Every structure is written in C-alpha cells, then in structure tokens.
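Take the given structure of chain F and dock chain V to it, following the hints.
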Amino acid sequence: MSGSQTSAAIVVQGLSKRYASVTAVDSVSFSVPRGAVCGLLGGNGAGKTTTLAMLLGLLLPSAGNISILGEDMVRHRYRVLARLGFTSPYVDLPQRLTVLQNLTVYARLYGVRERRQRIKTLAQDFDLVDFLRRPYGALSSGQKTRVSLAKALLPEPEVLLMDEPTASLDPDTADRVRTYLVDYQRRTGATVLLASHNMLEVERLCQQVLMLKQGRLVDEGSPQELLRRHGRETLEQVFLDIARQADTDADAEAVTA
Amino acid sequence: MNMAARVYAMVLRYLYLMRSSWPRLVELAYWPTMQMILWGFLNQFLVEQSDWVAQAAGMFIAAVLLWDVLFRAQLGVSLVFFEEMYSRNLGYLFVSPLRPYELVSALLLISCLRTLIGVGTAALLAIVFYHYSIFDMGLALLAFFVNLMVMGWAIGLVVVAMTLRFGLGAEGLAWAVIFAVAPVSGVYYPIATLPEWLQSVAWALPASHVFEGMREVLIHGVFSSSMFMHAVLLNVLYLAMGGGLFMVAFRAARQRGLLLHVGE
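The listed protein sequences correspond, in order, to chains F and V.
Letter by letter, the first sequence follows residues 1 to 257 in the working numbering.
Letter by letter, the second sequence follows residues 1001 to 1264 in the working numbering.
Certain hints may be false.
[As the list claims (entries may be wrong)] Each pair of labels, with its calculated beta carbon distance range:
no., chain 1, residue 1, chain 2, residue 2, range
1, V, G1172, F, Q245, 33 to 39 Å
2, V, G1244, F, S62, 22 to 28 Å
3, V, G1244, F, S29, 33 to 39 Å
4, F, L132, V, G1221, 56 to 62 Å
5, V, M1229, F, S62, 45 to 51 Å
6, V, G1244, F, Q245, 37 to 43 Å
These aren't lab readings, by the way, just hints derived from the structure by calculation.
All values derive from a computational prediction rather than experimental measurement.
Beta carbons are placed, not taken as given, at the ideal position from N, Cα and C, and that holds for glycine.
Excised from the complex, chain F in its bound form (with noise of 0.2 Å):
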C-alpha cells in the first residue's frame, strides 16, 4: 500500500462482485482521502449500491481488498464500525417502534455516551422533536430519510456511507440536511462517500467524484477536473456523456455485428 493511500479513509483495490453470471462489479480501486467529500454516481445498475454494501461488510466480495480507517473490512469490520455511519433507502427501521425508541436502541448499539443529549441534538438538527414519539411506520418518507440520517450520525462517525441520502426529501429540506452535512464535515473531519443521482448535490459537496457505468469504474477526479476532461458546463452533461457512450458503443457493436 503506496504512502497516500496509507493517510486515505477508504482503500479500495480490485474489487468485484460476481452473482452466476453477473458481473455487478468489476475490478474497481479507488481511495478516498480522510476528510474528503467523495460523490459516487452512476445509472441505474451501475454498481454503486453494491459498492457500498461490500464496504460495509453487508456484501462479500468476489475479488478485492477494503479498508477502512486503516482495517481491513472483509476479516475485521468489527474494529471499526462503531466509526461508521451508514443511510441507504433500500434499509429501514422498525415501524412499529417510535422514532425515539429507534434511537435509543441504536444509541444503545453504538455506545453512544450520552446518549439523550445526543439524540435530543440530532432531533433539533433535524427537525425532527415533534415526531419523537410517534411510531416511526407513520411518518413520511422524507420524515423517514432525516430519521436515518440521525441514526447514521449518532456515533458522530468518522466515516459516513450514504447511499442517496437526500433522494425523497423536499428541496428546502435536501438543501438543509446538505448544509448540515457540510458544516459536520468541516466541523469533525469525517470523510464521507455519498452514491447520488443527484449532479447539483454532488457539484456542492464533493471534491471527489467516481463514475460508475456498468460496475466499472469509467472516471475520477474533481467535479472541476471531470468539466475540462468533458469539455461540459455541468456534471449532469458529463454523467449524460459517460450514459450515452455505453449506448453509442453498444450501437456501433451491434451494427458492426
């Protein structure tokens, strides 16, 4: 391991993921440096969710090599998930139990010390004091996704994993919880790796963007890299470029055959 990616959050070396004959996927390496915004974008299918999953430890890798705050994932996830935060909306909390009553048990989890301090304060920041005690299965989506945006924060994590962490919330909202997103970055130094569909979030958080395209990773670099590489205004014209190439190649390929 070169001495840059000893000082980086999150190594990640050949990684693949293979089901029978699927390659969800394949061979990907990247690093991201410890306090860095890093957005991970990509169509549908393209592999995101799976990438994280396996940084996690949810999934296991076919191929490939994690680590995360400097251990390795696959044999030793437990020394460090109690720093990681992680949201996704494919994941949920138990309904029938209250947004409070959620908390709490997850506080419980994560050793959080204390724990009602720290859970009345992410309900502040996340407006959510009015909703404590109702059953969390009652809320709204976008009440839901700030729930597990606060159960994602309540160990104060060192590295946060979220996997379109502002995709059912109203604009208002999605641009609070990204500006709180900001300041507790700059605020604890975490590093965080965020899957997104969302350009104009990516282009405001990031200083590191991945693009995905069928499980491989196609590009890297700064959002401002990424525009003078493209030759483009925005990043939704560079993902369009990078989704549209699989279509034209796929087209030549077939004419051709």
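For chain V alone, coordinates are given in the frame of chain F:
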C-alpha cells in the same frame, strides 16, 4: 462498549415492540391458556375413564403446558427474528457493531421472557380452573422447562437460518417444523406407543426424554437423572447445530446480498 450492552439494546428493542401492542401481549398468554383449558377438560374426563391417566391427576395439563414451553420458545426466536425481516432492518443492524451471536443471544433472552409470560400465565390459571399446580413438580419442573426451552431455541435457530437463506417464503416453517416434532415427542403418550422404528427417532429428540421423565415424576414420584442427562446432551448437540446453521446462513446472506434487500 461491550457485548452485554449491545445484547441489552436488542432486548430493549424487542421489549419496545411487545409494549407497543397490548393485543400482542394478550396473545402471548391466550393460546397457551386455551390449550390448557381444552386439555384440562379432557384430563378431567379421562381420569374417570382410564386407569393410566388416573394414576396422576393433571398429567395432560402438565404435558400441554410443557409442550407449550417448547412451542413458544421456538416461536419466540423465529417470529421475533421475522420482525427484523418484515421491517427491512437487518441492513442497519449488521452495519452497527452488533455481532450475529449477540443478536442470537437477544433472541434467546426475549424468547425466554415471552415463554415465561405465555406459559406462566396458563400455568397460574390451571391452578384456578383445575386446582392443578405444575409447580408441585418442584426442581424437576425447572429441569424440564430448561431442556424444552433449549430445544425450542435450537429449532427456532434452524427456522431462522432457513428463512435467512430462502427468504420470507420459508416463514411457514416456524409452524410446520414444530408440528412435525410433536407426534414423536411423546407429549401425551409413552414413546413405547410408537412403532419400533419410530421410537429410535423419538429417542433422538430431547423432548421425548423430558416427557418420559415428566411421567416418571407424576406417576412414580421419581426424577430420572438418566432421562435428564440424555436430554441435556442432545440439547447441547442440537443447539450447536442450530447456531452453526444460523452462522452458515448468515454468511450465505452476506455472499448473496440478502441483508440489504431482505424484506416483505
């Protein structure tokens, strides 16, 4: 942060769930009580008709209460785990510092509590309705209770492993498996009643040793240490197998990505 704190967090999570719905709490005691009432009347009838039953008043009531220990202990593990699957919560649980064996420990503890509430209520009501106290068995009752509970846990872990491996389509196993075990456990009749080839199957189950031991206590007033030890040894084996199967299924779920996508 230690293991006990995380196990307690999960137990708390299941206590919150129990508290959130009084019909669920009532249901815990309802079925064991209904079973006890039904077999209580049958017991009263058969005491007058059968010399064998007349040897020990309340034999069927004791049998049905102890059978419910096994049944409720199994359901206490499997149904509670299904809650995590219904709520699609496994992905968050297993990116927290919670270890799989800590989740299992919490499931076993909450299963014990649910069984005590359910069967304990029925046992107390048996005193009221039939003037029969299973507690008269003394320490033997504790030995029977623990053995049946551990066997219920082992079966529950197998059901959980199957559900983790094959998805919620396999949840019916929670009911099916226990009813497959019932005929060969000698709950209401001696193992000698079974065909010879089935008797060897029966003796491979801890429950058979417990129910034969129960009849020894009720009819002859003797606690069979041999039956007890057989049950204990078999339970150690079955619990290890249940735990092992759970870990194999958990690893398979991590290989197939089921922890992230499992749900209704």
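So, going through the hints one by one against the coordinates:
no.: 1; hint: V:G1172 with F:Q245: 33 to 39 Å; in the structure: 49 Å, violated
no.: 2; hint: V:G1244 with F:S62: 22 to 28 Å; in the structure: 24 Å, holds
no.: 3; hint: V:G1244 with F:S29: 33 to 39 Å; in the structure: 36 Å, holds
no.: 4; hint: F:L132 with V:G1221: 56 to 62 Å; in the structure: 57 Å, holds
no.: 5; hint: V:M1229 with F:S62: 45 to 51 Å; in the structure: 47 Å, holds
no.: 6; hint: V:G1244 with F:Q245: 37 to 43 Å; in the structure: 49 Å, violated
Against the hints set out earlier in the document, violations occur for numbers 1, 6.
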